[in-house]
Amino acid sequence: MRILLIDDDEDLRNLLSRYIRGQWPDAQIDAYDPLERSMPDESFPLGSYDVLVLDYMLGRGDGLEWLKVLKQRADCPKVLFLTGAGNEIIAVRAMKAGADDYQRKQELTRDRLISSIRELTATEVERTVSPELAARMAGHSLGAKVHIPGIKVLHLIGEGGTARVYLASREDDDEPLVVKILRQEIVLNKKALERFMEEYSMVERLQSRHVARIIGHGAHQNNVYLVMEFFEGGDLSKRLAGKPVPPPEALKLFRELMFALGDIHEKGILHRDLKPQNLMFRRDGSLAIVDFGIAKDISAADRTGAGEVLGTPRYMSPEQVQGRALDLRTDIYSAGVLLYQMLTGRHLFDGETAMEVAMHHLNTQPAPLPEDLAHYQRLIDKLIEKDRDARFRNADEVIGFLARNFEQEKPEITQKLH
Amino acid sequence: MSADDYKVLVAKDIADLIPVFMKNRHKELEALRVALAAADFEQLRQLGHRMKGVGNSYGFNHVSTLGKSIEDGAKSGDRAALAATITEYDDYLSKVQIAYE
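Chains B and G are the protein sequences, given in the same order. Letter 321 of the first sequence, counting from 1, is numbered 321 in this note's numbering, and no numbers are missing. Letter 7 of the second sequence, counting from 1, is numbered 425 in this note's numbering, and no numbers are missing.
Chain B with its partners taken away, still in its complex shape (with noise of 0.2 angstroms):
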């Protein structure tokens, strides 16, 4: 394997050719320095090379315009664009040129940039495809297959057990954008069709902005989709990353949260699986609650079916566990579970297993909070109340608690992400 690797950083080119090296021990990387040459011209062996990995900003050059003359070669190999962290926009514009992945080079890890080359080498380097590879270049070809009007699909960024989620951008001006694509086994299925489709007609209808706002949605031969604001800033769980937040700012993400569940519970929409991952942030540090895939209207005929358990685990309140008919109050708890993980950095409930996890929903009592954190465990006992009728009964509750005993914890700042 032969790769060209096009960076203005010394570090970085030797940091990527030391993971490269590490996988393929007899792969040949050549490292081309912008600042000490111009692009390269027709008679470079552009062909010859199987991926080039090419840097945005180059020192004096400019890799998009780099990568879009290059591109027109006929002998262009696959190209990894590297961008800087939070810059989508940039990304955007790397995939409508040709580039076939992009990397933050922020969160550039030997394992992203080993499976990102891996990926754009597969037919070369790889006889038999991995199921796991398979599955992914499946979904990199149908994101290229579904047409959206006014919307280019780019890149596929993430999978779920309902949908593919692609980086996508508005033709007119490049917003960035997020396209969900339901799986087909996921549309062959009506009840989970029709709760993608409630998820559209639900969020849409709610015009908060402590939810993702949707753009369309519709369907394209096969495929269902759905379109949607694209997070600078990442969800919760990156944000988390297994540590505690410094309790002033866990207040502040927990009264956004209440604010997100106070709209939607006003419009009769529980949302039923709240956790790290379906909270997003915006570039501005705003908080948004997405993926109402099993969101429910609290208003409609109980679809779900007697008995039936939705939602994950850590996060579940004890009438979720049991399957029975929920209200306000189970969105209560699982947010109250989010700020026990905030403040402690730590699960509420562990276990070996998703059904142990789930049980101690039922039957366990959790531990109380250290004692630095003594102060939030009466906000977080009337959260977690195994008993809903003793929990806070709605979002208003919550917010009118924090007020009357938390007014002077507001953080300075709102911290932005970038």
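What the hints contain is simulated information worked out from the structure, not anything from laboratory work. Any given hint could be a false lead.
The list that follows gives simulated cross-link-like pairs (lysine to any residue, SDA-like), each with its CA atoms no further than 25 angstroms apart [as the list claims (entries may be wrong)]:
#1 B:Lys191 x B:Asp173
#2 B:Lys243 x G:Lys493
#3 B:Lys238 x G:Glu489
#4 B:Lys238 x G:His480
#5 G:Lys425 x B:Leu240
#6 B:Lys238 x G:Ala429
#7 G:Lys493 x B:Ser286
#8 B:Lys243 x G:Tyr518
#9 G:Lys441 x B:Arg21
#10 G:Lys493 x B:Glu175
#11 B:Lys243 x G:Lys441
#12 G:Lys493 x B:Lys145
#13 B:Lys145 x B:Thr121
#14 G:Lys493 x B:Asp173
It should be emphasised that the depicted structure is a prediction, and the values quoted were computed from it without experimental measurement.
Given chain B, put chain G in place with the hints provided.
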């Protein structure tokens, strides 16, 4: 910053890259000072951007954080903030402790 903030854990298999990495960081610090003295904000922005990109990759997250501050300060032309960040970078480089895992 607490003592823990100066500790960096680096993978053993890239240990031999660290001397060059650190040498380049010190060169970068001098380049930042020169650029600030000349009020060359474009150069400051480029240097900050590079720090932002390379720091995390090696496990030096604070280098990326400072790089972001420098990039932002250069964009807004805030000389006082840039000077403070460069001083902090100097302090960080003089105290950082590297451990290998």
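Here is what the structure says about each hint:
1. B:Lys191 x B:Asp173: Not satisfied, since the Cα-Cα distance of roughly 36 angstroms exceeds 25 angstroms.
2. B:Lys243 x G:Lys493: Roughly 32 angstroms between the alpha carbons, so the hint for B:Lys243 and G:Lys493 is violated.
3. B:Lys238 x G:Glu489: holds, 23 angstroms
4. B:Lys238 x G:His480: holds, 17 angstroms
5. G:Lys425 x B:Leu240: holds, 20 angstroms
6. B:Lys238 x G:Ala429: holds, 21 angstroms
7. G:Lys493 x B:Ser286: holds, 23 angstroms
8. B:Lys243 x G:Tyr518: At roughly 22 angstroms apart (the allowed maximum being 25 angstroms), G:Tyr518 and B:Lys243 satisfy the hint.
9. G:Lys441 x B:Arg21: Roughly 23 angstroms between the alpha carbons, so the hint for G:Lys441 and B:Arg21 holds.
10. G:Lys493 x B:Glu175: Between G:Lys493 and B:Glu175 the Cα gap is close to 22 angstroms, so the pair holds against 25 angstroms.
11. B:Lys243 x G:Lys441: violated, 32 angstroms
12. G:Lys493 x B:Lys145: violated, 40 angstroms
13. B:Lys145 x B:Thr121: Between B:Lys145 and B:Thr121 the Cα gap is close to 21 angstroms, so the pair holds against 25 angstroms.
14. G:Lys493 x B:Asp173: holds, 23 angstroms
Hints 1, 2, 11 and 12 from the list above are not met by this structure, while the remaining hints are.
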